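Given the sequences, and given the hints that come with them, work out the whole structure.
Spelled out, the chains give:
Number of protein chains: 2
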Amino acid sequence: MKSEISRKEEIQITAAKLFTEKGYNAVSMRDLALALGIKASSLYNHIQSKQEILSLIIITVGEHFTEGILEIINSESGPLEKLKQTIKLHVHISLHYKDAIGCLNSNWHNLEEPDLANLKKMREDYEENVRLLIRACKKDKQLKSLNEEVMLYSVLSTLRSVYQWSNKTEGLNEEELVAELQESLLEGLVEN
Amino acid sequence: MKSEISRKEEIQITAAKLFTEKGYNAVSMRDLALALGIKASSLYNHIQSKQEILSLIIITVGEHFTEGILEIINSESGPLEKLKQTIKLHVHISLHYKDAIGCLNSNWHNLEEPDLANLKKMREDYEENVRLLIRACKKDKQLKSLNEEVMLYSVLSTLRSVYQWSNKTEGLNEEELVAELQESLLEGLVEN
DNA sequence: GTCTATAAAATGATAGAC
DNA sequence: GTCTATCATTTTATAGAC
Numbered sequence: 006m007k008s009e010i011s012r013k014e015e016i017q018i019t020a021a022k023l024f025t026e027k028g029y030n031a032v033s034m035r036d037l038a039l040a041l042g043i044k045a046s047s048l049y050n051h052i053q054s055k056q057e058i059l060s061l062i063i064i065t066v067g068e069h070f071t072e073g074i075l076e077i078i079n080s081e082s083g084p085l086e087k088l089k090q091t092i093k094l095h096v097h098i099s100l101h102y103k104d105a106i107g108c109l110n111s112n113w114h115n116l117e118e119p120d121l122a123n124l125k126k127m128r129e130d131y132e133e134n135v136r137l138l139i140r141a142c143k144k145d146k147q148l149k150s151l152n153e154e155v156m157l158y159s160v161l162s163t164l165r166s167v168y169q170w171s172n173k174t175e176g177l178n179e180e181e182l183v184a185e186l187q188e189s190l191l192e193g194l195v196e197n
Numbered sequence: 006m007k008s009e010i011s012r013k014e015e016i017q018i019t020a021a022k023l024f025t026e027k028g029y030n031a032v033s034m035r036d037l038a039l040a041l042g043i044k045a046s047s048l049y050n051h052i053q054s055k056q057e058i059l060s061l062i063i064i065t066v067g068e069h070f071t072e073g074i075l076e077i078i079n080s081e082s083g084p085l086e087k088l089k090q091t092i093k094l095h096v097h098i099s100l101h102y103k104d105a106i107g108c109l110n111s112n113w114h115n116l117e118e119p120d121l122a123n124l125k126k127m128r129e130d131y132e133e134n135v136r137l138l139i140r141a142c143k144k145d146k147q148l149k150s151l152n153e154e155v156m157l158y159s160v161l162s163t164l165r166s167v168y169q170w171s172n173k174t175e176g177l178n179e180e181e182l183v184a185e186l187q188e189s190l191l192e193g194l195v196e197n
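Chains as they are written, first to last, in my numbering: chain Y, 6 to 197; chain D, 6 to 197.
Treat the hints with care, as some may be off.
Chain copies aren't distinguished; within one or between two, either way the pair holds.
In silico SDA-like pairs for lysine to any residue, Cα to Cα no more than 20 angstroms straight-line [what the hints assert, rightly or not]:
id: 1; residue 1: K126; residue 2: E26
id: 2; residue 1: K55; residue 2: R165
id: 3; residue 1: K27; residue 2: E118
id: 4; residue 1: K125; residue 2: H114
id: 5; residue 1: K143; residue 2: L124
Note that these hints are calculated values from the structure, not bench results.
Computed from a prediction, not measured in an experiment: that's the story for all the values here.
If you want it as structure tokens, here you go:
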């Protein structure tokens, strides 16, 4: 009854790890094949090209973010609660798709068209949604009247790096990490 | 009287830009030479290898961070003021060495030994210094008793991304950007 | 200091046997 | 589905003329 994992998925999982560690161009099809215990030419029975592997990894995780943020935006909560939900969403994806996110972060510029344009659109839309949330919070006097872009990227850049350092906070479970980040990012570090 | 810029420096400046945009492995010596208006073989009159170019770019900017943080640590200020000075330092370097920092961030894993080990040591020491600052602030009750690693990477990951988005805050000069970041990161975004 | 020519190695991908 | 063998291309780097 357990869901079988196809060779194609196996390739994506291994590739995501290697691409994250060494970079897309630094990983040859021979390297990837060796990590899977087969020959490079055998890979082409499952995928069409090296580029297709990268595309599958990155677009899939990009869609997770897109779906997640839309669900939050369309919910009934207030803007500050939605911002907190965005932090939760980002942590959740970061912990469950670590390698794919690492691959996205390090290798998105190796995507070719039309996937590159597709990803850029998804990323811009995501950023714009968070920007609008921040603006709505400011209007409601729930956030300070600081520069919007500084606030936006303070939050986003921290969230985007979670996959890199979450292994250093292993005393915290997912829920606790979310709570700590919500507090740190929104309420600040300084004791009042 | 103006300081002459050598061809070797010109190569580093152009390479830093290209490496940041496309990635180290995606930029061939032909690409780099073309951007400089010469042939690839001519590059070797000024540098020994492609790897040397990367090393010069990254190690140089790494040393700026190392020198800067040591100056702060050895100053007479209290820990919270030192943390604020670290934010100022990071912004200053981010604005003045944008391409080199981009190159460091995207391509450090393409460094070969012993430069890679050298850079990792610099990075770890830098992180440890900021961690100790945060710990000292907590002990003084100037920072909340949140998870140290979460606080550390909230601050560091935002600072490390400044070069990517500082062009979107062009209404702010350097001093103002520093002030906004000190407020956002330390005091938080939420209105009390 | 730049050029042309070229070496030596690595790369993504295909053909065809099993 | 995997293999061996191979191709076409690109890569970093060197040698030597100007």
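| message | Within, between, both or neither: how does the pair K143, L124 come out at a Cα-Cα threshold of 20 angstroms? | response | neither (29 angstroms within a copy, 41 angstroms between copies)
| Intra- versus inter-subunit Cα pairing at 20 angstroms for K55 with R165 | neither (25 angstroms within a copy, 30 angstroms between copies)
| query | What label fits K126 with E26 when the C-alpha limit is 20 angstroms: within, between, both, or neither? | reply | For K126 and E26, the Cα distance is within 20 angstroms only across copies (18 angstroms; inside one copy 26 angstroms).
| request: Measure nothing new, just compare the shortest in-copy and cross-copy C-alpha distances for K27 and E118 to 20 angstroms and report within, between, both or neither. | output: Answer is between: at 14 angstroms across copies they meet the 20 angstroms cutoff, but 23 angstroms inside does not.
| task | Indicate which option fits the pair K125, H114 if close means a Cα-Cα distance not exceeding 20 angstroms: within, between, both or neither. | result | Only inside one copy: K125 and H114 sit 10 angstroms apart there, 24 angstroms across copies, limit 20 angstroms.
Hints 2, 5 from the earlier list are contradicted by this structure; the remaining hints agree with it.
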